[in-house]
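These protein sequences, in sequence, are chains A and B. Residue numbers for the first sequence follow my numbering, beginning at 165 and rising by one. Residue numbers for the second sequence follow my numbering, beginning at 6 and rising by one.
Source of the hints: derived by calculation from the structure; they are not laboratory data. There may be inaccurate statements among the hints.
[Stated by the list, open to error] Beyond 12 Å from chain A on every Cβ pair, some chain B residues (computed):
hint, residue
1, Leu38
2, Ser51
3, Arg63
4, Lys105
[Said to hold, decoys possible] Simulated coverage check for chain A against chain B, where a stretch passes if three residues somewhere in it have a Cβ under 8 Å from a Cβ of chain B:
hint, stretch
5, 183-195
6, 208-222
7, 231-238
Note that the coordinates shown come from a computational prediction; the quantities given were computed from them, not determined experimentally. We put the beta carbon where it would ideally sit given N, CA and C, even for glycine.
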Amino acid sequence: MLNAEPDLSGKRFLLTAIFYYMAAASVASALLAVTRRNPVHSMLWVLALFLHVAGIFLLLGAEFLAAVQVIVYAGAILMFYLFVVMLFDLPAEEVRPRFGNHWPFAAAVGLGFACLAWIARVGAGAPSAGTPVAVERVPQGNLRAIGTALFGPFVLPFEIASLLLLAAIVGAVVLARRRAA
Amino acid sequence: MIVPVNVVLALSAVLFGIGAFGFLARRNIILMLISVEVMLNAVNVSLAGFSRHLGDLRGQVLALFVIAVAAAEVGVGLGLVIALNRNKPGAAVGDLTKLKW
Numbered sequence: 165m166l167n168a169e170p171d172l173s174g175k176r177f178l179l180t181a182i183f184y185y186m187a188a189a190s191v192a193s194a195l196l197a198v199t200r201r202n203p204v205h206s207m208l209w210v211l212a213l214f215l216h217v218a219g220i221f222l223l224l225g226a227e228f229l230a231a232v233q234v235i236v237y238a239g240a241i242l243m244f245y246l247f248v249v250m251l252f253d254l255p256a257e258e259v260r261p262r263f264g265n266h267w268p269f270a271a272a273v274g275l276g277f278a279c280l281a282w283i284a285r286v287g288a289g290a291p292s293a294g295t296p297v298a299v300e301r302v303p304q305g306n307l308r309a310i311g312t313a314l315f316g317p318f319v320l321p322f323e324i325a326s327l328l329l330l331a332a333i334v335g336a337v338v339l340a341r342r343r344a345a
Numbered sequence: 006m007i008v009p010v011n012v013v014l015a016l017s018a019v020l021f022g023i024g025a026f027g028f029l030a031r032r033n034i035i036l037m038l039i040s041v042e043v044m045l046n047a048v049n050v051s052l053a054g055f056s057r058h059l060g061d062l063r064g065q066v067l068a069l070f071v072i073a074v075a076a077a078e079v080g081v082g083l084g085l086v087i088a089l090n091r092n093k094p095g096a097a098v099g100d101l102t103k104l105k106w
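If we strip away everything but chain B, and leave its shape as in the complex, we get (with noise of 0.2 Å):
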């Protein structure tokens, strides 16, 4: 291994830490979304790191397994987009607010 492990991990943890921050700060439904693929991004790092410590395969499967639920939560979430966006033009959260009373 060219690096230690914890290089890697801190690298996964910075880039999660960088995807928390935008899911919680931006406004913009559609780069929320992104930040979500900001932090599955860092988990597969992750991943990928242990699997290459370790020496174990299963880290990349599961990456692999992450990458699929990511491809499946886009799809779901960009159609729930077109479909917000369909009632009240605009991607921004704070104007989503038919379910309050």
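With the rest of the complex left out, here is chain A (with noise of 0.2 Å):
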């Protein structure tokens, strides 16, 4: 945070300007990747939600989240799907349609989902209740936080989390191995 400034009112309108910006923005970027025709052009744009949705982190106070979305989902994922994407053939694939021809109810059914951002309307009024695990609000970054909760009352399914990375790695590397014909 920077250091306080006499007009606070200023600060948090740009800070909610900001944040409606980087939810237009990545609705905006989240409907042109999963309508463009070219592959290469829909993993751009997914770039470009990956990294507000990095903003939308920063701004809800999620420091450690971001940083966490910006290596791995922006650096790691993406890089991983412009790979595959780059060992297909792309121009045979171009001249395809790009939806199935159930395409309407596709679109219900996004429609239906987004229909519950209705329901986030009324919802809001809960009152800010709740048990909060070993931290109260802490102003200055939340990165020790995130350590002393993961290694403590998480320890367990963080464990779990890395047994499941290293089945990832070796079924990926048994299904993409090439047989000796």
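Both chains are given apart, each in its own frame, so use the hints to dock them into the complex.
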């Protein structure tokens, strides 16, 4: 946080405006990502989506999550997707129809999920109750608190996640290996 | 909190809807997997919003686990895509009829 300005309302307005920009840009880039014909263009729009979501995490006070989002999602996962896209025969894919014949049903399902936003509008008055784990709002970064939570109450899920990643590595190697014919 | 929590949840719902539409409508298997990533990101936004709203760090820890599972899913999913591509070139799911009879 910067040092306290005399007019906090101006800074607050700026942060709110940045949040709404991030929200609008992430929705727009997600829409473009699922509708572009060229898969590489889709990947680049998804990259824009991931970076804007990282900005939203920053505004929500989840700095470590924003860093992980940029490093893991935008850095590792998207590069993996781009490599696989490059391996494929793109010109042959581009002449095929983008959507299946049943795309109106898919649009209806998507709109149905988006209507959850309408429910979120009503459920906003929920009191800010809850049982905080291990930490009360730390104003200066939350990396220490997340580390304490990961190696404290969440140590078993943490180890299971590492086991899952190991299984995924082994599975990917086994699946992608060329069999000796 | 600079915005009310329902704005964050609404954004999450809209992103999830876009991802669901992409998964169901696209016929390219890589873009279907990317749509799953969009949905997982929407869930992460919602978890971070709840974490801020409730003042509870568990939301962010859960989002970290979601990211770990997404990484595992990408590894196995793209390995499957490469294995399928070896049998039949292309990424269209309409062509994957080998198990049909």
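Check your understanding: Hint by hint, which ones does the structure fall short of?
Key -> Violated hints (numbers, rising): 1, 2, 3; every other hint is consistent with the structure.
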